[in-house]
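There are 4 protein chains.
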Amino acid sequence: MWKAPELDFKQMIKNKMEGNHFMHHVGFQIHTIEPGLIEGDLELKPCHLQQMGFVHGGVTATVADIVAGFAAFTLVKHGQGVVTVDLKVSYLNPGKSDKLFAKGYVIKAGQKLFFCESELWTMNNLEKILIAKSSATMAVVNAEDIKK
Amino acid sequence: MWKAPELDFKQMIKNKMEGNHFMHHVGFQIHTIEPGLIEGDLELKPCHLQQMGFVHGGVTATVADIVAGFAAFTLVKHGQGVVTVDLKVSYLNPGKSDKLFAKGYVIKAGQKLFFCESELWTMNNLEKILIAKSSATMAVVNAEDIKK
Amino acid sequence: MWKAPELDFKQMIKNKMEGNHFMHHVGFQIHTIEPGLIEGDLELKPCHLQQMGFVHGGVTATVADIVAGFAAFTLVKHGQGVVTVDLKVSYLNPGKSDKLFAKGYVIKAGQKLFFCESELWTMNNLEKILIAKSSATMAVVNAEDIKK
Amino acid sequence: MWKAPELDFKQMIKNKMEGNHFMHHVGFQIHTIEPGLIEGDLELKPCHLQQMGFVHGGVTATVADIVAGFAAFTLVKHGQGVVTVDLKVSYLNPGKSDKLFAKGYVIKAGQKLFFCESELWTMNNLEKILIAKSSATMAVVNAEDIKK
Numbered sequence: 103m104w105k106a107p108e109l110d111f112k113q114m115i116k117n118k119m120e121g122n123h124f125m126h127h128v129g130f131q132i133h134t135i136e137p138g139l140i141e142g143d144l145e146l147k148p149c150h151l152q153q154m155g156f157v158h159g160g161v162t163a164t165v166a167d168i169v170a171g172f173a174a175f176t177l178v179k180h181g182q183g184v185v186t187v188d189l190k191v192s193y194l195n196p197g198k199s200d201k202l203f204a205k206g207y208v209i210k211a212g213q214k215l216f217f218c219e220s221e222l223w224t225m226n227n228l229e230k231i232l233i234a235k236s237s238a239t240m241a242v243v244n245a246e247d248i249k250k
Numbered sequence: 103m104w105k106a107p108e109l110d111f112k113q114m115i116k117n118k119m120e121g122n123h124f125m126h127h128v129g130f131q132i133h134t135i136e137p138g139l140i141e142g143d144l145e146l147k148p149c150h151l152q153q154m155g156f157v158h159g160g161v162t163a164t165v166a167d168i169v170a171g172f173a174a175f176t177l178v179k180h181g182q183g184v185v186t187v188d189l190k191v192s193y194l195n196p197g198k199s200d201k202l203f204a205k206g207y208v209i210k211a212g213q214k215l216f217f218c219e220s221e222l223w224t225m226n227n228l229e230k231i232l233i234a235k236s237s238a239t240m241a242v243v244n245a246e247d248i249k250k
Numbered sequence: 103m104w105k106a107p108e109l110d111f112k113q114m115i116k117n118k119m120e121g122n123h124f125m126h127h128v129g130f131q132i133h134t135i136e137p138g139l140i141e142g143d144l145e146l147k148p149c150h151l152q153q154m155g156f157v158h159g160g161v162t163a164t165v166a167d168i169v170a171g172f173a174a175f176t177l178v179k180h181g182q183g184v185v186t187v188d189l190k191v192s193y194l195n196p197g198k199s200d201k202l203f204a205k206g207y208v209i210k211a212g213q214k215l216f217f218c219e220s221e222l223w224t225m226n227n228l229e230k231i232l233i234a235k236s237s238a239t240m241a242v243v244n245a246e247d248i249k250k
Numbered sequence: 103m104w105k106a107p108e109l110d111f112k113q114m115i116k117n118k119m120e121g122n123h124f125m126h127h128v129g130f131q132i133h134t135i136e137p138g139l140i141e142g143d144l145e146l147k148p149c150h151l152q153q154m155g156f157v158h159g160g161v162t163a164t165v166a167d168i169v170a171g172f173a174a175f176t177l178v179k180h181g182q183g184v185v186t187v188d189l190k191v192s193y194l195n196p197g198k199s200d201k202l203f204a205k206g207y208v209i210k211a212g213q214k215l216f217f218c219e220s221e222l223w224t225m226n227n228l229e230k231i232l233i234a235k236s237s238a239t240m241a242v243v244n245a246e247d248i249k250k
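Residue numbers (the working numbering), protein chains in the order written: chain A, 103 to 250; chain B, 103 to 250; chain C, 103 to 250; chain D, 103 to 250.
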């Protein structure tokens with residue numbers, strides 16, 4: 103029997119990302135989508151900085167939230183989504199570079215809740231500087247909850 | 103003896119804010135500056151939303167960080183600044199409105215560390231909806247550390 | 103028609119507390135039970151301290167968790183329970199006193215998740231010293247989940 | 103010239119632990135002390151449980167705080183100590199076992215602040231169950247601050 107091909111996993115997530123307007127406003131680009139893992143980067147421009155010339159804590163938190171949330175999203179069932187319940191960001195080092203790299207991953211996938219982490223770093227003279235680490239709780243939302 | 107007038111307290115903080123590029127990129131406006139307290143608002147536009155049409159968690163975290171950080175900044179000594187050590191945001195309700203209001207305040211002002219909180223809400227049909235609450239630790243940085 | 107008297111609200115919560123062994127091991131006493139609010143205190147003894155003579159961070163976190171969790175528990179439906187999803191404690195001041203006071207309260211009661219806060223303080227020379235503030239997410243668990 | 107032998111590194115930390123009364127009250131045992139790393143375990147008894155029979159969130163937070171704090175302590179200068187600034191614990195799975203294992207480690211060692219993490223797990227049928235993950239900020243305190 104003929105069966106319509108399933109929508110490609112990565113394409114489905116890319117489609118979802120298209121509607122993530124603030125991610126585009128910030129300029130974050132995702133380049134790796136694997137089950138439970140998201141990686142991407144952000145070209146740092148003056149608009150991303152605070153008054154001391156470092157990456158703004160809001161940029162860091164935004165990127166940490168995006169990679170953690172989409173990492174969870176790669177593991178939910180078709181039709182389900184995720185929303186952030188809480189996000190804690192630890193700011194380990196000031197971010198001073200022209201590019202920010204980020205990785206988000208799932209450490210526990212539950213029926214209702216996902217626990218995720220993010221790592222953000224810059225490359226300075228071939229040295230990787232971890233500028234932030236975050237821990238997030240994500241709640242699974244069902245299709246009918248999303249429509250409401 | 104003649105003494106130059108001290109730079110007005112609020113004007114000094116406004117000057118500092120001018121260099122906070124990401125705050126302007128997001129569009130957050132501060133309208134209240136008191137010792138230990140900052141209030142402001144953000145006109146919500148499509149660029150602030152995620153794919154379900156709610157305020158993006160990164161916008162929420164950014165605003166929470168700004169009002170907490172500047173609330174701490176109102177209490178440090180001349181020449182000192184503050185940087186965010188950690189920020190935890192609890193997402194209580196989805197943000198769906200045309201304006202976001204925020205308040206940041208200091209709950210403990212120390213010599214080296216400040217503990218701050220932020221509250222973010224929307225007004226829906228005259229009802230105040232608390233969409234997020236955050237707790238932040240801020241570290242005091244001295245003029246000589248900032249130059250480095 | 104005869105109707106058995108409903109089990110008294112506060113008595114039901116007290117019964118629940120009886121099974122909270124670690125609370126008794128620590129020695130925390132609850133004296134106020136209201137919908138969405140729990141208050142209590144702990145007589146500080148040498149066993150509660152760390153090596154500098156201050157209240158141990160684990161005691162603080164334990165008390166913060168208890169008052170937040172039971173505050174949520176006052177608002178769930180009969181047969182439901184709550185479990186802690188995450189707890190963030192900010193240690194504002196060292197605790198050095200002979201008694202610790204605590205208050206836990208709900209800031210958002212949802213169908214599946216509760217957001218709570220706790221405040222812990224000591225009284226030193228009639229002055230209230232806030233030693234810790236915490237934010238917690240609690241998940242509602244149903245009777246059938248608890249049995250498992 | 104005769105020089106008194108330096109107090110052995112691990113012995114110094116063990117001496118410090120002797121004064122950590124709440125750690126002993128809970129019953130946590132440390133068995134690994136390396137620079138930036140602490141490991142230990144806790145034999146779970148009824149006194150460590152809450153009313154559903156799981157490990158109490160306060161026990162989890164206490165152990166998370168101890169291993170993170172002592173991990174930081176292994177890296178500070180002689181005479182310095184550390185105090186917890188904030189601790190966030192994510193409760194990934196209910197703890198139901200007869201032994202709890204814990205590891206604390208430093209992810210950033212600064213002059214004034216340390217960022218640490220802890221992992222707590224149980225062994226159930228040869229399977230490692232991560233029951234909690236925590237992130238903590240620790241502040242370095244100097245000898246003269248400790249005396250105060």
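Take the hints with a grain of salt, since some may be wrong.
When chains are identical, the list treats them as one kind, so a pair holds in a single copy or across two.
[To be verified] Under the rule of at most 25 Å between Cα atoms (straight-line distance), these lysine to any residue pairs were calculated in the SDA-like manner:
id : residue 1 : residue 2
1  : K198      : Q213
2  : K205      : V185
3  : K201      : C149
4  : K179      : N226
5  : K205      : E246
6  : K214      : N226
7  : K214      : H126
8  : K179      : P196
9  : K198      : Q182
10 : K198      : E246
Hints are computed from structural coordinates only; laboratory data are not their basis.
Structure-based check of all given hints:
In this assembly of identical chains, the alpha carbons of K198 and Q213 lie at most 25 Å apart only when taken from different copies (19 Å versus 39 Å within one copy). Taking the shortest Cα distances, K205 and V185 sit within 25 Å of each other both inside one copy (18 Å) and across copies (23 Å). Proximity of K201 to C149 under the C-alpha cut-off of 25 Å is found in both arrangements, the shortest distances being 13 Å within a copy and 22 Å between copies. With identical chains, the CA atoms of K179 and N226 are never at most 25 Å apart, being 39 Å at best within one copy and 28 Å at best between copies.
Taking identical chains as interchangeable, the C-alpha atoms of K205 and E246 are never at most 25 Å apart, the minima being 30 Å within one chain and 33 Å between chains. When the C-alpha separation of K214 and N226 is checked against a cutoff of 25 Å, the pair qualifies only between copies, where the shortest distance is 23 Å, while the shortest distance within a copy is 40 Å. In this assembly of identical chains, the alpha carbons of K214 and H126 never lie at most 25 Å apart, being 28 Å within a copy and 31 Å across copies at closest. In this assembly of identical chains, K179 and P196 lie within 25 Å of each other by CA distance solely across copies; the values are 21 Å between and 38 Å within a copy.
Proximity of K198 to Q182 under the C-alpha cut-off of 25 Å is restricted to the inter-copy arrangement: shortest distance 20 Å between copies versus 37 Å within a copy. Proximity of K198 and E246 under a CA criterion of 25 Å is satisfied inter-copy only: 17 Å between copies versus 43 Å inside one chain copy.
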